[in-house]
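Those protein sequence lines, which keep their order, are chains A and B. Quick note: the first sequence, position 183, residue 183 per the working numbering, numbers continuous. Quick note: the second sequence, position 384, residue 384 per the working numbering, numbers continuous.
Keep in mind the hints are simulated off the structure, nothing from the lab. Careful: at least some of the hints might be erroneous.
It does not matter which identical chain is used: a pair holds within one copy or between any two.
[What the hints assert, rightly or not] Dumping the calculated SDA-like pairs for lysine to any residue here, alpha-carbon to alpha-carbon at most 25 Å: (1) Lys637 <-> Gly623; (2) Lys289 <-> Ile197; (3) Lys637 <-> Pro340; (4) Lys226 <-> Ala475; (5) Lys20 <-> Ala37; (6) Lys163 <-> Pro340; (7) Lys163 <-> Gly568; (8) Lys637 <-> Leu24; (9) Lys163 <-> Glu627; (10) Lys674 <-> His86; (11) Lys530 <-> Ala37; (12) Lys289 <-> Arg354; (13) Lys163 <-> Glu636; (14) Lys289 <-> Gly357; (15) Lys204 <-> Asp332; (16) Lys515 <-> Arg60; (17) Lys163 <-> Gly338; (18) Lys204 <-> Lys602; (19) Lys515 <-> Arg547; (20) Lys566 <-> Glu162; (21) Lys515 <-> Arg446; (22) Lys204 <-> Ala339; (23) Lys100 <-> Ala200; (24) Lys163 <-> Glu629; (25) Lys588 <-> Pro600.
There are 2 protein chains.
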Amino acid sequence: MNDQAKTIGTSKPSGKASAKPDALVLFMPSGRRGRFALGTPVLDAARSLGVYVESVCGGRGLCGRCQIVVAEGQFAKHGITSAAGHLSAWTETETRYTAKRAMEPDRRLSCHARIQGDLVIDVPQDVQINRQVVRKRAEARRIERDPATHLCYVEVELPDMEKPLGDADRLLAALRRDWDFDDLAIDFHLLAQIQPILQAGDYKVTAAIYDDHGSRHVIALWPGLKNAAYGLAVDIGSTTIAAHLSSLLSGRTLASAGAPNPQIRFGEDLMSRVSYVMMNPDGREAMTKAVREAIGVLIGKVAAEAGVPEDEILEAVFVGNPIMHHLFLGIDPTPLGGAPFALAVSAALTFPARDIGLPVNQGARVYILPCIAGHVGADAAGATLSEGPHRGEPVTLLVDVGTNAEIVLGNKHRIVAASSPTGPAFEGAEISGGQRAAPGAIERVRIDAHTLEPRIKVIGADEWSDDPQFDEAAASLGITGICGSGIIEVIGEMFLAGIISADGVVDGTLAARSKRIVKDGRTWSYILAKGDGGGNPEIRILQTDVRAIQLAKAALYAGVRLLMDKLGIDRVDRIRLAGAFGTYIDPKYAMVIGLVPDCPLKAVAGVGNAAGTGARMALLNRGHRREIETLVRQIEKIETALEPRFQEHFVNAMAFPNKVEPFPHLAAAVTLPKADLETVAGESPRRRGGARRNR
Amino acid sequence: MNDQAKTIGTSKPSGKASAKPDALVLFMPSGRRGRFALGTPVLDAARSLGVYVESVCGGRGLCGRCQIVVAEGQFAKHGITSAAGHLSAWTETETRYTAKRAMEPDRRLSCHARIQGDLVIDVPQDVQINRQVVRKRAEARRIERDPATHLCYVEVELPDMEKPLGDADRLLAALRRDWDFDDLAIDFHLLAQIQPILQAGDYKVTAAIYDDHGSRHVIALWPGLKNAAYGLAVDIGSTTIAAHLSSLLSGRTLASAGAPNPQIRFGEDLMSRVSYVMMNPDGREAMTKAVREAIGVLIGKVAAEAGVPEDEILEAVFVGNPIMHHLFLGIDPTPLGGAPFALAVSAALTFPARDIGLPVNQGARVYILPCIAGHVGADAAGATLSEGPHRGEPVTLLVDVGTNAEIVLGNKHRIVAASSPTGPAFEGAEISGGQRAAPGAIERVRIDAHTLEPRIKVIGADEWSDDPQFDEAAASLGITGICGSGIIEVIGEMFLAGIISADGVVDGTLAARSKRIVKDGRTWSYILAKGDGGGNPEIRILQTDVRAIQLAKAALYAGVRLLMDKLGIDRVDRIRLAGAFGTYIDPKYAMVIGLVPDCPLKAVAGVGNAAGTGARMALLNRGHRREIETLVRQIEKIETALEPRFQEHFVNAMAFPNKVEPFPHLAAAVTLPKADLETVAGESPRRRGGARRNR
């Protein structure tokens, strides 16, 4: 690549250079710009500015990866007035390419299109080479690409008795000559294959180079031009493992799939799995084997769905909570089960996929995001990378709710993280009618404050229960229980309707107004669904259910509040709820029950599998790996168990919404019961003093 | 380590520094010197000058590896007049150390002995820690040490909930803090072991760091102070595999052993093994498996002999000819069987020993020396490293004789290399009475020029055949054949006695003088041993045997001459004969039959397993790895088959000694037959012109 860039602001006046005619070129979406001598290939201009444009064939017009678009509409805006004739004419090479492969009509091959005048160039993030059927809609997020693995086509010198360099050595010389790779090592497993592959390709071959973190290796080799390379992003959840298959060349996600984590048979939640390892000498090994096998099956599934041979998968990025992380790596997780919750390894890791027997290319590499702390894992790191609290000024609260809630709070100046022991209530465990989110589970609830009659919505049916068609749908599904988001809503609605007090007591006096309020021993309950006497049970919200939710939400809130104390703040600007639970709960009810602090409702959003999105970002851009590695070292880790104020916050957070803070935004959005507004939403000198103390 | 060195010539005058009292310290044998502030530990002074002094415990006085001697006798010579009080007093730590371990009385621990005045310090290359029985005399050569693998003792911070770095990460932090390792990676197989090892060692552990070629890895870890680390140097010959086990910490060779190469059952010589691969689809795999297994057994043998657990072997360095090299690595060697003799890989290689299943530490690394050309392998590179033609002015000829003779010629200015197809005659094949060197084989021969009666010496008997005790010894051994060195001598003596002419014809007219000259069909033979009619055969040197030796020695000589032509020289200063054959042949007879060019007899020497010595050098000093890697790129490779003059030299070299050059040194040492002196040893205008042409 030549180096004709003179970036604005850094170029120095030079008699020689300024004598040559040049042009201003602006690359979108990066916004990088520079002046280039007329005749410079657009690809070279992009490279010299550090704009990532893929090229497998090294500018030979064979691979079609380096497509660009002249963004005509944006010229005036960027001070460039006309593009007519500013790019060289269509070349024979491009005609030859489009005769074989599809290319959208407004596109050019940047290795052959040359700069003839000022230009705004759009670098598409989605270059289609094969008419591959994409069954899975790529996630909305556009990830700028700079992957660790590159395909590099080279033409290797023939063996020569007078210069008896080995085949491997001539391959490396070609990669140095054409691709500027200076210090490449070759994976041992390739050594015996180099000679036959060179011969099969008539000494024209494509090498896959893994280039990250100072390690540069030839990891795979094919005869001729290889124009396909894929990577996996995998989130190992304790319940579900989710995998996404993306093209490393186009950036697109081609397939996604999920599977239950088979470790569930060793223990439902994290701590029971740790106990299993403690009680069973082979427990760790069995769980490691189980999760790796399940991932192997999942890889086969996404590869088949996308029509991609497993051998073309060259990278796999993993996230998971610390216990999943350790078990996946084959590390004993028991030290994570008690203080000081010592991680065996916290930094990001890279190693060959064959070390753990994944069914991918023999040279493929694994990258695992760093863990933040003993309870705040690589999944939280992935979610942080995805949601980017560190990229802006707004103070962002990122919560991933599971048996432990992982909490990250802060902005570009400072970030703190902790985990809170919420227990499994939010996942439907410990709740009398609770169940996992599945067809038949109640997921939405509204209670009429006057009649105290509920309306419900059930997973699998489109209608609310007051719709005439609901009964039919419910009959076929059955109403089997209530899932996490339903629990949050029913508790929230019971509070808003006055069925439970701010302290969480079910008001027995209401039994006079509604038959749904019934006595259960010494406490009162609310009948949410009456049951049909057959397969569908009565679903009753017990006083103990309310207590379970109070404990869980107070733990989460106390953790959040502790982090706010650390930062010396008493409000957050944005709230991001990650994970399956976070995605399905209605932010309003999260705030009504006081799961999260008060915040404008519009600024609260579920963000789905943010950990998985972070894994995809690390897969497609090694800059994101450095970003999260650096950030994790900077994040301040708070161990809630060591903080005396945690208990205080916890007690005060038992109330609805809580007794810690005012909630002006919530009060503006819903009608809170009067008594509660008076008791807890007024001025509180203690709280204010507390915030001041921590400033 | 502090950095108090001001090396002479580079130190700048500085008011502050020159105000402090300092002293001149000279380290032997390196000769490096510098001025150091009084009170500087000798170890720090050595480190800052780049003088290699081992230390496992990092200056805690525990490992005893950093011993030094004050070289009192050399003071005046180096301009230092007295050492009294120039080193700090004996410390309590040293007393504690010597209470537990042996240390020679004149030694000090350099981590605790501090500079108090001018000193000459001797760094011993052999530091004994355990009273290990050394059964194998270490080879005479003293190899300066700078191994790729270091043991580093560290005290790791305890897990801390407030700073939740993983155990692996705190280990790396300790290695950075105490040993300045900045960018260490940890081998994947260690990950799951770190936590239990740290706990077992109470967070005091010893890490083995492999640090070579920009790759820095933690490859092994032990609880507490580990004070033992070993390495292997292995020469994979086509006939014999030789292994040496050395301590990486003291540099001593503790055990050596050899074993037959089991590939012999697939083919006696190299080309028959290549043919075997061509004919058998699984041939390559079977031979790779066989040689790796044999090496595994050999490792067990040397480890047992030295009393070293295999787990403490952290490195293995290999040399071998190209075909052995490829088969060992699992690479198809068939391209080496024909032009263009393409090596699959020629550069030096490093990879984990577990990739080839060696029974050593799981993290041990393999280093393989580079190959020079398709017929000039890593063994020749090892021999070159050992004999060092590139280190001096004298033009050195290095020859390793096998089925192919590998030839290296040159000096510090320029080196050329080639191989000559000598065939197996020197190894006793194709010779009627030939056999491998083994008890009962004739190895020495003298023929009385008047009586034509021979005296012989047989392997396994100390006496010559004219000694009265010989018959008894011979009777118990039997005289079974003649080995390589015996063949060279009998041909040389036959020539000197006039039994064969300069053209190699057995003179039948001598039958009149001796019954040992007998007719065999149309040619004549010489009866070397009469046989006893029982188990011991008659050993007869046939005309065809003479011809076989003529062909072999002419091929070798022609190769040497071709290289001399390339360098434009007509004499060499030194000749080094490597390998088993080279070690046992008498240089005089090598010159009499014209195996090598004329040279002062004193300058010709057998050097034993030079390839193995080169491997040991690369094992103990990574500087030697860089040295041979650089040199191999600079060596000019000559393919004899492509050189038109090879055939001409070959034909002229068929004569004894040859028809190419004069041999003044040989003529001064032995009485050459008169006729021959007239025919070939006189002035030869053609040859002189030839030499001039190549200048």
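Hints, one by one, checked against the model:
no.: 1; hint: Lys637 <-> Gly623; verdict: within (23 Å within a copy, 44 Å between copies)
no.: 2; hint: Lys289 <-> Ile197; verdict: between (34 Å within a copy, 23 Å between copies)
no.: 3; hint: Lys637 <-> Pro340; verdict: within (13 Å within a copy, 63 Å between copies)
no.: 4; hint: Lys226 <-> Ala475; verdict: neither (54 Å within a copy, 71 Å between copies)
no.: 5; hint: Lys20 <-> Ala37; verdict: within (7 Å within a copy, 60 Å between copies)
no.: 6; hint: Lys163 <-> Pro340; verdict: between (61 Å within a copy, 10 Å between copies)
no.: 7; hint: Lys163 <-> Gly568; verdict: between (70 Å within a copy, 21 Å between copies)
no.: 8; hint: Lys637 <-> Leu24; verdict: neither (47 Å within a copy, 51 Å between copies)
no.: 9; hint: Lys163 <-> Glu627; verdict: between (45 Å within a copy, 20 Å between copies)
no.: 10; hint: Lys674 <-> His86; verdict: neither (69 Å within a copy, 89 Å between copies)
no.: 11; hint: Lys530 <-> Ala37; verdict: neither (78 Å within a copy, 90 Å between copies)
no.: 12; hint: Lys289 <-> Arg354; verdict: both (14 Å within a copy, 21 Å between copies)
no.: 13; hint: Lys163 <-> Glu636; verdict: between (58 Å within a copy, 8 Å between copies)
no.: 14; hint: Lys289 <-> Gly357; verdict: both (10 Å within a copy, 23 Å between copies)
no.: 15; hint: Lys204 <-> Asp332; verdict: between (46 Å within a copy, 20 Å between copies)
no.: 16; hint: Lys515 <-> Arg60; verdict: neither (79 Å within a copy, 80 Å between copies)
no.: 17; hint: Lys163 <-> Gly338; verdict: between (63 Å within a copy, 16 Å between copies)
no.: 18; hint: Lys204 <-> Lys602; verdict: neither (56 Å within a copy, 53 Å between copies)
no.: 19; hint: Lys515 <-> Arg547; verdict: within (22 Å within a copy, 119 Å between copies)
no.: 20; hint: Lys566 <-> Glu162; verdict: between (70 Å within a copy, 13 Å between copies)
no.: 21; hint: Lys515 <-> Arg446; verdict: within (17 Å within a copy, 125 Å between copies)
no.: 22; hint: Lys204 <-> Ala339; verdict: between (57 Å within a copy, 21 Å between copies)
no.: 23; hint: Lys100 <-> Ala200; verdict: within (23 Å within a copy, 64 Å between copies)
no.: 24; hint: Lys163 <-> Glu629; verdict: between (45 Å within a copy, 16 Å between copies)
no.: 25; hint: Lys588 <-> Pro600; verdict: within (10 Å within a copy, 100 Å between copies)
Checked against the numbered hints given earlier, the structure breaks hints 4, 8, 10, 11, 16, 18 and satisfies all the rest.
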